[in-house]
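Quick mapping for you: the protein sequence lines, in order, are chains A and B.
If you want my numbering, it's the 1-based position in the first sequence plus 80.
If you want my numbering, it's the 1-based position in the second sequence plus 80.
Derived by calculation from the structure, the hints in this document are not laboratory data.
Some hints here could point you the wrong way.
Heads up, the list lumps identical chains together, so a pair's fine if it works in one copy or across two of them.
Claimed, not checked - Okay, derived cross-link-like pairs now, DMTMM-like style, lysine to aspartate or glutamate, Cα gap no bigger than 25 Å in a straight line: (1) K254 to E115; (2) K254 to D118; (3) K254 to E240; (4) K254 to E82; (5) K164 to E115; (6) K200 to E240; (7) K254 to E206; (8) K168 to E146; (9) K254 to E90; (10) K200 to D118; (11) K168 to E90.
These figures come from a predicted structure and were not determined experimentally.
There are 2 protein chains.
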Amino acid sequence: MEFQLDHATEILRRTPATLNSLLRQLPEEWIVSNEGRDTWSPFDVLGHLIHGEETDWIPRARLILEYGESRPFAAFDRYAMFEKSRGKSLGDLLDRFEQLRVESLQALEEMNLRPEMLAKRGLHPELGVVTLSQLLSTWVVHDLSHTGQITRVMAKQYREAVGVWQAYLPVLEK
Amino acid sequence: MEFQLDHATEILRRTPATLNSLLRQLPEEWIVSNEGRDTWSPFDVLGHLIHGEETDWIPRARLILEYGESRPFAAFDRYAMFEKSRGKSLGDLLDRFEQLRVESLQALEEMNLRPEMLAKRGLHPELGVVTLSQLLSTWVVHDLSHTGQITRVMAKQYREAVGVWQAYLPVLEK
Numbered sequence: 081m082e083f084q085l086d087h088a089t090e091i092l093r094r095t096p097a098t099l100n101s102l103l104r105q106l107p108e109e110w111i112v113s114n115e116g117r118d119t120w121s122p123f124d125v126l127g128h129l130i131h132g133e134e135t136d137w138i139p140r141a142r143l144i145l146e147y148g149e150s151r152p153f154a155a156f157d158r159y160a161m162f163e164k165s166r167g168k169s170l171g172d173l174l175d176r177f178e179q180l181r182v183e184s185l186q187a188l189e190e191m192n193l194r195p196e197m198l199a200k201r202g203l204h205p206e207l208g209v210v211t212l213s214q215l216l217s218t219w220v221v222h223d224l225s226h227t228g229q230i231t232r233v234m235a236k237q238y239r240e241a242v243g244v245w246q247a248y249l250p251v252l253e254k
Numbered sequence: 081m082e083f084q085l086d087h088a089t090e091i092l093r094r095t096p097a098t099l100n101s102l103l104r105q106l107p108e109e110w111i112v113s114n115e116g117r118d119t120w121s122p123f124d125v126l127g128h129l130i131h132g133e134e135t136d137w138i139p140r141a142r143l144i145l146e147y148g149e150s151r152p153f154a155a156f157d158r159y160a161m162f163e164k165s166r167g168k169s170l171g172d173l174l175d176r177f178e179q180l181r182v183e184s185l186q187a188l189e190e191m192n193l194r195p196e197m198l199a200k201r202g203l204h205p206e207l208g209v210v211t212l213s214q215l216l217s218t219w220v221v222h223d224l225s226h227t228g229q230i231t232r233v234m235a236k237q238y239r240e241a242v243g244v245w246q247a248y249l250p251v252l253e254k
């Protein structure tokens, strides 16, 4: 599928509601359990998504539009949420993510991106030259991927509970 | 995590709303695209979940409670939805799934399952002896797994669009 701005924003605007339906007011055990040492719980993933809104997607899009390849993106801290989410509730994080996403999509709309602007180039500190449409596509895939991660982490909590059905549930082996 | 009936139903009752947030009124392309030959689109997955409500979870739970191991479950047709969903819209399927899930959870409540009943045994046509709590755990994992599948299938539509970011997005290789 080719990147289309309106198709992409249709996904991006849905993610807070999806995560809200999936997680809000779930018993704590579903929220804080992970896949083992050095893996993320649904709570951790939500903090990571928040950090992305604050420091990654829109800031990088602005950098592309304003500076092109002349100024590389700041590196993204993939572990910042362990500190930043401390002491917060899942409800706090869901609220915060929803608010930030509304602001991000508003900022995106205000960029008033015409098709030719989507080909503008920026500089990723590790990957090299990237385009604005690649950045926005990655934002969409990142949302979907982490939503999927949350469902996988939760599913695995019942790895033993399903008994012999384990054989039919490849998600438990991932 | 040990199976707990109230923890399990917390997940089961959320799935229709989660899929609704994720999918309703999305552009058709997101809904009908799959991962290639002999794979399922989000539309197909939803039909599969509907078929599960109609023929799998509650009917099997009833069989366990009424007949124990003396009558094996009917085999579950994993491809029935290709015929049954024909001509329906995604909105139709979301509505139908939501309604069926409400009915399933009501039926589950009416079973008034006491803890000792969860150990009751039934006979799976291929896997052999299973317990009621394993069946209900599998229902939960099945929901989460197919929700994750939908996000993965959608993510993959942007496999090319993300450009060099592919290297950071393992979901695209799954």
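Verification of the supplied hints:
| no. | hint | verdict |
| --- | --- | --- |
| 1 | K254 to E115 | both (10 Å within a copy, 18 Å between copies) |
| 2 | K254 to D118 | both (15 Å within a copy, 21 Å between copies) |
| 3 | K254 to E240 | both (15 Å within a copy, 24 Å between copies) |
| 4 | K254 to E82 | between (29 Å within a copy, 20 Å between copies) |
| 5 | K164 to E115 | within (21 Å within a copy, 37 Å between copies) |
| 6 | K200 to E240 | between (50 Å within a copy, 17 Å between copies) |
| 7 | K254 to E206 | between (27 Å within a copy, 23 Å between copies) |
| 8 | K168 to E146 | neither (35 Å within a copy, 47 Å between copies) |
| 9 | K254 to E90 | between (29 Å within a copy, 24 Å between copies) |
| 10 | K200 to D118 | neither (37 Å within a copy, 37 Å between copies) |
| 11 | K168 to E90 | between (29 Å within a copy, 22 Å between copies) |
Taken one by one, the earlier hints fail for this structure at numbers 8, 10, listed in ascending order.
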